[in-house]
Amino acid sequence: MRPLTLKRLLWTCGLLAVVLLGCVVLALKLGAVPISVTDLMWDLGRVAVGGSDPLPSEYSMIVFDLRLPRILLGILVGASLSVAGASFQALLRNPLADPFVLGVSSGAALGSILAMIVVPQLALLTPLGAFLGAIATIAAVYFLGRREGQLDSSTLLLGGIISASFLSAIIMFLMTTLAGRDLRGMVFWLMGDLSTPVSAGLRWILTVGLFAGVGAIYTTAADLNLLLSGEREAIHLGVDVTRVKLVVYVSASLLTALAVSASGAIGYVGLLVPHAMRLLFGSDYRLLIPASALGGAIVIVLADTLARTIVAPTELPVGAMTAMAGAPVFIYLLRRGTR
Amino acid sequence: MKFNQAMPGAHAGSGKKFRKLRVVVLRAGMSLLFWFLCGAPVMPQTPVAPSTAGLATTAPAFQVFTDEVGRRVEIPAEVKHVVSLAPNLTEIVFDLGDADRLAGDTDFCDYPDEASKKPHVGGPINPNLEQIVSLKPSLILATKSINRRETVDALAHIGLPVYVTDPHSVDAMIASVEHLGAVLHAEKAAAPLAGELRARLADLDRRLAGTTPSRVLFVVWSAPLISIGRDTFIADALRHARAQSVVDTAAEWPHVNLEEIVRLQPEFLVFASAHAGDTQHEIEALRTRPGWRDLDAMRRGNIVVISEAINRPAPRMVDAIEQLARALHSDSFASRSPQLAAAANISLEDCSCAR
Amino acid sequence: MSAPETSEQKLGEPPKHGRTEPLNVEQASFAYSASARSTPTFTLAATTFQAHERELVAILGPNASGKSTLLQLIAGTIAPLSGRVELDGQETSRLDPRIRAQRIAVVQQESPVVFPALAGDYVLQGRHPYGQGLRLASKEDIAIAENALAQVGAQHLAGRRMAELSGGEKQRVILARALAQQPRLILLDEPTLHLDIGAQVELLECLRELAEEHRYAVVIVTHELALTAEFADQVVLLQHGRCLRVGSPAAVYQRELLEQVFEAPLDVEPGPAGRPRVNLRARRRQDAT
Numbered sequence: 495m496r497p498l499t500l501k502r503l504l505w506t507c508g509l510l511a512v513v514l515l516g517c518v519v520l521a522l523k524l525g526a527v528p529i530s531v532t533d534l535m536w537d538l539g540r541v542a543v544g545g546s547d548p549l550p551s552e553y554s555m556i557v558f559d560l561r562l563p564r565i566l567l568g569i570l571v572g573a574s575l576s577v578a579g580a581s582f583q584a585l586l587r588n589p590l591a592d593p594f595v596l597g598v599s600s601g602a603a604l605g606s607i608l609a610m611i612v613v614p615q616l617a618l619l620t621p622l623g624a625f626l627g628a629i630a631t632i633a634a635v636y637f638l639g640r641r642e643g644q645l646d647s648s649t650l651l652l653g654g655i656i657s658a659s660f661l662s663a664i665i666m667f668l669m670t671t672l673a674g675r676d677l678r679g680m681v682f683w684l685m686g687d688l689s690t691p692v693s694a695g696l697r698w699i700l701t702v703g704l705f706a707g708v709g710a711i712y713t714t715a716a717d718l719n720l721l722l723s724g725e726r727e728a729i730h731l732g733v734d735v736t737r738v739k740l741v742v743y744v745s746a747s748l749l750t751a752l753a754v755s756a757s758g759a760i761g762y763v764g765l766l767v768p769h770a771m772r773l774l775f776g777s778d779y780r781l782l783i784p785a786s787a788l789g790g791a792i793v794i795v796l797a798d799t800l801a802r803t804i805v806a807p808t809e810l811p812v813g814a815m816t817a818m819a820g821a822p823v824f825i826y827l828l829r830r831g832t833r
Numbered sequence: 497m498k499f500n501q502a503m504p505g506a507h508a509g510s511g512k513k514f515r516k517l518r519v520v521v522l523r524a525g526m527s528l529l530f531w532f533l534c535g536a537p538v539m540p541q542t543p544v545a546p547s548t549a550g551l552a553t554t555a556p557a558f559q560v561f562t563d564e565v566g567r568r569v570e571i572p573a574e575v576k577h578v579v580s581l582a583p584n585l586t587e588i589v590f591d592l593g594d595a596d597r598l599a600g601d602t603d604f605c606d607y608p609d610e611a612s613k614k615p616h617v618g619g620p621i622n623p624n625l626e627q628i629v630s631l632k633p634s635l636i637l638a639t640k641s642i643n644r645r646e647t648v649d650a651l652a653h654i655g656l657p658v659y660v661t662d663p664h665s666v667d668a669m670i671a672s673v674e675h676l677g678a679v680l681h682a683e684k685a686a687a688p689l690a691g692e693l694r695a696r697l698a699d700l701d702r703r704l705a706g707t708t709p710s711r712v713l714f715v716v717w718s719a720p721l722i723s724i725g726r727d728t729f730i731a732d733a734l735r736h737a738r739a740q741s742v743v744d745t746a747a748e749w750p751h752v753n754l755e756e757i758v759r760l761q762p763e764f765l766v767f768a769s770a771h772a773g774d775t776q777h778e779i780e781a782l783r784t785r786p787g788w789r790d791l792d793a794m795r796r797g798n799i800v801v802i803s804e805a806i807n808r809p810a811p812r813m814v815d816a817i818e819q820l821a822r823a824l825h826s827d828s829f830a831s832r833s834p835q836l837a838a839a840a841n842i843s844l845e846d847c848s849c850a851r
Numbered sequence: 077m078s079a080p081e082t083s084e085q086k087l088g089e090p091p092k093h094g095r096t097e098p099l100n101v102e103q104a105s106f107a108y109s110a111s112a113r114s115t116p117t118f119t120l121a122a123t124t125f126q127a128h129e130r131e132l133v134a135i136l137g138p139n140a141s142g143k144s145t146l147l148q149l150i151a152g153t154i155a156p157l158s159g160r161v162e163l164d165g166q167e168t169s170r171l172d173p174r175i176r177a178q179r180i181a182v183v184q185q186e187s188p189v190v191f192p193a194l195a196g197d198y199v200l201q202g203r204h205p206y207g208q209g210l211r212l213a214s215k216e217d218i219a220i221a222e223n224a225l226a227q228v229g230a231q232h233l234a235g236r237r238m239a240e241l242s243g244g245e246k247q248r249v250i251l252a253r254a255l256a257q258q259p260r261l262i263l264l265d266e267p268t269l270h271l272d273i274g275a276q277v278e279l280l281e282c283l284r285e286l287a288e289e290h291r292y293a294v295v296i297v298t299h300e301l302a303l304t305a306e307f308a309d310q311v312v313l314l315q316h317g318r319c320l321r322v323g324s325p326a327a328v329y330q331r332e333l334l335e336q337v338f339e340a341p342l343d344v345e346p347g348p349a350g351r352p353r354v355n356l357r358a359r360r361r362q363d364a365t
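Protein chains in written order, with the numbering used here: chain A, 495 to 833; chain B, 497 to 851; chain C, 77 to 365.
Treat the hints as calculated values from the structure; they're not laboratory data.
Keep in mind that this is a model prediction, so the values were computed, not measured.
Be aware that a few hints might be false.
Said to hold, decoys possible - Just some of the chain A residues that point at chain B, by a computed CB distance under 8 Å: (1) Leu560; (2) Pro691; (3) Ile804; (4) Thr808; (5) Glu809.
Cβ atoms here follow ideal geometry from the backbone N, Cα and C, with glycine treated the same way.
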């Protein structure tokens with residue numbers, strides 16, 4: 495018998511963190527403008543230590559003002575979406591659940607847009623709108639997905655697809671009828687786009703939200719393992735199922751909302767990263783949650799790097815990259831059946 | 497009965513080393529995170545004019561302008577490199593004679609030919625910010641109707657001055673020429689150019705005084721049918737050519753219902769195109785389509801194809817206005833002045849009005 | 077009242093509190109209804125019985141007789157409408173869920189597995205009520221889990237995937253998980269449903285031995301007449317939500333009663349060791365003549 499040990503947990507997270515660091519360095523190096531790695535390391539070291547002498551070259555402006563914040567944003571978004579996906583998969587006991595597939599991303603997007611329309615001057619309220627949209631959508635999908643009191647896989651996915659289409663239609667309607675508004679940038683954002691920098695206030699909200707959300711979900715990690723065996727069994731083993739479900743739904747919706755309000759609806763990350771981590775490291779949520787967070791960060795950093803270099807200087811939205819890679823993998827998983 | 501080999505307690509020694517490494521990694525990560533959160537860019541916020549230290553210090557390092565959307569922009573006294581993010585702005589820069597200072601433009605900047613040879617920074621909607629920065633711009637030019645607000649904000653956020661134009665009328669376009677002249681310190685070229693454009697428009701007004709405005713449909717795209725709103729510069733250009741768009745709406749690029757156009761029955765259909773030949777094919781194809789074939793203008797052949805310069809708020813637009821005016825009100829141009837013809841640079845094959 | 081069990085207690089030690097009849101069901105009743113005002117769609121009438129240590133009690137009845145409802149009342153997931161359901165003197169439905177999980181283990185048909193799980197990890201889940209936070213398995217937890225697997229003769233299955241196990245093997249692993257909870261009372265809901273006859277007998281023999289050795293009280297919900305007759309110490313006979321009789325198999329297995337409850341032609345005759353033997357009396361064409 496080889497249950498999860500603290501040592502294995504830390505080593506796996508450490509390994510993934512190292513891989514992430516490598517990806518970050520790679521992402522800093524690559525781009526429309528070439529950067530030398532040695533200068534980069536020197537400057538990164540200076541920043542980490544805390545020295546902030548003005549570095550006069552353009553390349554450092556590129557690296558520190560454009561690329562690094564974008565990469566760090568990508569890490570936050572990737573981690574949020576992956577953990578949200580892993581959580582939905584546990585709650586709904588369905589490996590094909592993720593914020594995008596369930597329509598939660600679309601709900602968050604609609605919430606953001608409505609917030610932008612109703613209170614354009616308060617940009618910081620956009621995540622709140624996104625959160626309300628996300629919660630409303632997951633509640634709707636949950637109730638749509640119930641059949642005879644139990645959650646049914648196919649009904650649930652159908653509910654998600656229907657919600658996503660419906661919400662997208664509303665978004666399109668709003669965008670075409672609101673003539674005077676400058677919602678053109680919305681199209682990019684809807685596809686999932688990391689190229690527009692985020693205000694400092696929103697960054698704080700994102701970071702705090704990520705740690706709070708992942709932390710809250712992690713406190714229920716052991717309970718989630720039991721929930722996977724079935725709700726009744728979990729109740730009989732002393733799990734407060736109602737509380738766990740509430741905490742995890744709200745936290746996962748929060749994580750989705752924050753990611754969407756920062757970078758739009760990036761798809762397939764929440765679906766495929768937990769799945770890959772499960773294949774590599776097993777289904778134990780005490781390991782899966784941190785592994786998914788780190789794995790999601792890695793995937794988004796790599797996808798975003800690809801998006802900005804593949805047809806440089808033109809940039810593809812990062813959501814397009816994840817969809818192009820993710821959709822075929824998703825279909826493959828569907829056909830292979832859930833393991 | 498075997499116990500698990502890898503027990504947590506059995507590796508206390510390596511656990512300590514482990515913890516130290518964890519602390520170092522954590523500390524590095526936290527400092528990076530705080531840096532990210534506080535958003536302190538390593539560069540100073542406003543770019544200091546380079547190598548002006550030797551010069552007399554009476555001239556200020558930079559001047560403050562207010563751009564056409566009301567933003568406060570600090571522009572260095574010496575503008576070495578300019579990056580244009582819209583085709584019409586590129587044209588204006590060339591017209592002001594500052595082509596050598598233009599360090600980069602967009603993929604779509606195709607007029608004049610030299611513009612397409614300049615380094616490109618991507619499309620107007622999603623230019624590559626890194627590419628822009630690598631060109632070391634002292635000033636970036638943008639326009640509200642094509643560029644995204646997020647792009648302008650992003651560039652301003654990292655300390656690069658961006659001047660945004662927003663012309664909604666032909667007069668505003670001429671004013672933009674003057675503004676850009678001031679900003680680029682090219683007033684010597686801007687003033688005469690603006691004067692000439694205004695003179696030509698005034699001349700046109702005189703010639704067309706007393707004629708009734710023609711009711712036209714300006715076709716931006718035929719499938720789906722997209723026309724122009726009343727507040728666009730194209731609508732204003734039409735007015736200078738004594739034409740009135742039958743589509744009257746506040747939306748900039750309205751999708752119009754063809755049935756509504758049939759009801760309104762415009763006198764002329766106006767197309768703008770770079771290649772007259774292709775447009776002719778398109779029009780031929782439309783002749784037989786339902787809806788289109790019910791338009792009097794289509795049946796009678798009252799179709800005007802003008803230069804696509806009408807789509808860009810740049811000096812060339814006036815050429816297109818004159819072209820359109822001639823096509824719609826040829827009577828007013830009976831006595832053609834050679835000066836007008838030369839300045840307008842009309843080529844008759846562009847104007848296909850088969851009656 | 078009695079202190080909750082701690083992890084120091086090993087399997088095999090007598091429980092610290094002394095009652096020999098841990099489970100006391102007294103006039104417990106329940107009713108399901110679609111809404112507060114509509115008439116109940118199903119009721120369980122007042123039922124009374126006790127389960128003793130080392131005793132196998134069978135709740136016997138055909139489908140829709142109220143067995144599952146009674147099981148849930150005992151497990152504490154629903155509260156009785158009237159009467160009491162007590163474990164060691166405390167109402168099961170009012171126990172803290174954590175404490176309840178340390179005292180009552182429920183073995184149900186396994187829900188379909190969607191994610192791969194190892195049998196060993198599955199059994200370790202039984203230690204959940206004793207842990208805190210992340211609940212990374214301690215040495216004792218692992219020992220208890222391995223012991224539990226050994227008790228059901230499934231120690232070789234520890235590293236195998238649940239999805240790969242046969243019905244009987246899975247049932248044993250599920251039982252091991254229940255044992256890992258170190259309960260006072262083990263409840264099983266139709267445990268023999270998907271097993272072949274050999275596996276059924278094995279399971280019940282195993283339960284007998286465990287109950288004897290560790291002083292569990294075992295309550296099995298079932299509709300198997302023959303197995304109940306052979307293994308149960310006490311039978312609670314239900315039909316349409318009513319408890320018709322409580323007693324030893326010999327006392328409860330009366331031909332007319334069983335025929336009426338199960339609506340099948342049956343023969344009851346005394347068997348070895350005082351246990352009744354039930355035979356199906358199939359109608360043959362000769363009987364008609």
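field: Ascending list of hint numbers which this structure does not respect
entry: Hint 3 is the one this structure does not satisfy, whereas the remaining hints hold.
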